[in-house]
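One line per chain: the protein sequences are A and B, in this order.
Quick note, the first sequence lines up with residues 38 to 148 if you use this note's numbering.
Quick note, the second sequence lines up with residues 122 to 236 if you use this note's numbering.
No lab work stands behind these hints: they were computed from the structure.
Computed from a predicted structure; not experimentally measured.
All C-beta atoms, glycine included, are put in the ideal place defined by N, C-alpha and C.
A couple of the hints might just be wrong.
[Unchecked claim] Partial list, computed: chain A residues near chain B (C-beta under 8 Å):
#1 Ala66
#2 Gly80
#3 Pro81
[Claimed, not checked] Straight-line distance between alpha carbons at most 30 Å, and here's what the computed DSS-like set of lysine-lysine pairs gives:
#4 Lys79(A) <-> Lys176(B)
#5 Lys105(A) <-> Lys95(A)
#6 Lys52(A) <-> Lys162(B)
#7 Lys162(B) <-> Lys187(B)
#8 Lys162(B) <-> Lys140(A)
#9 Lys135(B) <-> Lys162(B)
#10 Lys79(A) <-> Lys162(B)
#11 Lys95(A) <-> Lys185(B)
#12 Lys52(A) <-> Lys79(A)
[What the hints assert, rightly or not] Label pairs and their in silico Cβ distance ranges:
#13 Thr147(A) <-> Lys176(B): 43 to 53 Å
#14 His113(A) <-> Thr138(B): 42 to 52 Å
#15 Thr234(B) <-> His113(A): 32 to 42 Å
#16 Glu208(B) <-> Arg98(A): 35 to 45 Å
#17 Thr152(B) <-> Gln40(A): 18 to 28 Å
#18 Leu147(B) <-> Gln118(A): 21 to 31 Å
#19 Gln163(B) <-> Gly133(A): 17 to 27 Å
#20 Pro207(B) <-> Thr147(A): 30 to 40 Å
Residues per chain, in single letters:
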Amino acid sequence: QQQVKQSPQSLIVQKGGISIINCAYENTAFDYFPWYQQFPGKGPALLIAIRPDVSEKKEGRFTISFNKSAKQFSLHIMDSQPGDSATYFCAAGVSGYALNFGKGTSLLVTP
Amino acid sequence: GAVVSQHPSWVICKSGTSVKIECRSLDFQATTMFWYRQFPKQSLMLMATSNEGSKATYEQGVEKDKFLINHASLTLSTLTVTSAHPEDSSFYICSARDPLRGEAFFGQGTRLTVV
Numbered sequence: 038q039q040q041v042k043q044s045p046q047s048l049i050v051q052k053g054g055i056s057i058i059n060c061a062y063e064n065t066a067f068d069y070f071p072w073y074q075q076f077p078g079k080g081p082a083l084l085i086a087i088r089p090d091v092s093e094k095k096e097g098r099f100t101i102s103f104n105k106s107a108k109q110f111s112l113h114i115m116d117s118q119p120g121d122s123a124t125y126f127c128a129a130g131v132s133g134y135a136l137n138f139g140k141g142t143s144l145l146v147t148p
Numbered sequence: 122g123a124v125v126s127q128h129p130s131w132v133i134c135k136s137g138t139s140v141k142i143e144c145r146s147l148d149f150q151a152t153t154m155f156w157y158r159q160f161p162k163q164s165l166m167l168m169a170t171s172n173e174g175s176k177a178t179y180e181q182g183v184e185k186d187k188f189l190i191n192h193a194s195l196t197l198s199t200l201t202v203t204s205a206h207p208e209d210s211s212f213y214i215c216s217a218r219d220p221l222r223g224e225a226f227f228g229q230g231t232r233l234t235v236v
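Make the full structure from the sequences, and use the hints.
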């Protein structure tokens, strides 16, 4: 059973626009919610992560919004750039244990 | 930031041979590391959890005799693909969690091609 559901599967955004990727989870024991960016042939790179005691975290152009009651969290990429074109994975897990990954979102930012 | 280094980044081997992949945490100690496998355009699939000083824990369906994991120190875990076959060709990625910062980092991945 997929413990983390991610949508959309693919996303096309114009340069300067906002990219939004959503994830939902089931296990209320999860206490760590990271987002990773992956380029072809490379390992996932940690973008930003949040814990359930805060509802929002911002780092540069990247913002995580977290809704504990709805068991949902999302990644917002502001002022999207062509260099942001990559696959993005959300994940969730209990600290110290393996992460459960979403299926990924392929983002294309057009010039 | 914290870095997890994986080596080699790619390897080609003949069927029947064994290949060792190393995963190192460069600036923190990791009692636990994780090994994933990723097929093209798919998500990461957890293979096993590597525990320093003890046996690895394998996920259901992963052959422990084929994928040998050794976690001999707090900064090094190795995955050995034994008697490799073409169906073992894949992208293998390790991960480690920085216990102080609580963040989970990934290595660069290893592209294994078995011919």
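Do the hints match the structure? See the list:
1. Residue-level restraint check for alanine 66(A) is violated (minimum Cβ-Cβ distance to chain B is 16 Å; threshold 8 Å).
2. About 4 Å separates the beta-carbon of glycine 80(A) from the nearest beta-carbon of chain B, less than 8 Å, and the hint is met.
3. Given the 8 Å rule on beta carbons, the hint for proline 81(A) holds: about 5 Å separates it from the nearest Cβ of chain B.
4. Taking the CA atoms of lysine 79(A) and lysine 176(B), the gap is near 28 Å; set against the 30 Å cutoff, the hint holds.
5. With a C-alpha separation of about 17 Å, the suggested pairing of lysine 105(A) with lysine 95(A) holds against the 30 Å cut-off.
6. Between lysine 52(A) and lysine 162(B) the alpha-carbon distance is near 24 Å, which keeps this suggested pair within the 30 Å criterion.
7. A C-alpha spacing of about 24 Å is found between lysine 162(B) and lysine 187(B), which places the hinted pair at or below 30 Å, so the restraint holds.
8. This hinted pair checks out: lysine 162(B) and lysine 140(A) have alpha carbons roughly 9 Å apart, not beyond 30 Å.
9. Between lysine 135(B) and lysine 162(B) the CA atoms are separated by roughly 25 Å; this keeps the pair inside 30 Å, and the hint holds.
10. Annotation: proposed proximity of lysine 79(A) to lysine 162(B) holds, straight-line Cα distance about 12 Å (limit 30 Å).
11. Distance check on the hinted pair: lysine 95(A) and lysine 185(B) sit about 41 Å apart at the alpha-carbon level, beyond 30 Å; violated.
12. Between lysine 52(A) and lysine 79(A) the alpha-carbon distance is near 24 Å, which keeps this suggested pair within the 30 Å criterion.
13. Distance hint check: the CB atoms of threonine 147(A) and lysine 176(B) are about 49 Å apart, consistent with the given range 43 to 53 Å.
14. Between histidine 113(A) and threonine 138(B) the beta carbons are some 47 Å apart, a value that agrees with the proposed interval 42 to 52 Å.
15. The hinted range of 32 to 42 Å is satisfied by threonine 234(B) and histidine 113(A), whose Cβ atoms lie roughly 38 Å apart.
16. Distance hint check for glutamate 208(B) and arginine 98(A): the Cβ-Cβ separation is about 41 Å, which falls inside the suggested range of 35 to 45 Å.
17. One distance hint, 18 to 28 Å for the beta-carbon pair threonine 152(B) and glutamine 40(A), holds here, with the actual separation near 24 Å.
18. A hinted range of 21 to 31 Å for the beta carbons of leucine 147(B) and glutamine 118(A) is consistent with their spacing of about 29 Å.
19. Distance hint for glutamine 163(B) and glycine 133(A): a CB-CB separation of about 25 Å, consistent with the stated range 17 to 27 Å.
20. Checked against the hint of 30 to 40 Å, the pair proline 207(B) and threonine 147(A) passes, with Cβ atoms roughly 38 Å apart.
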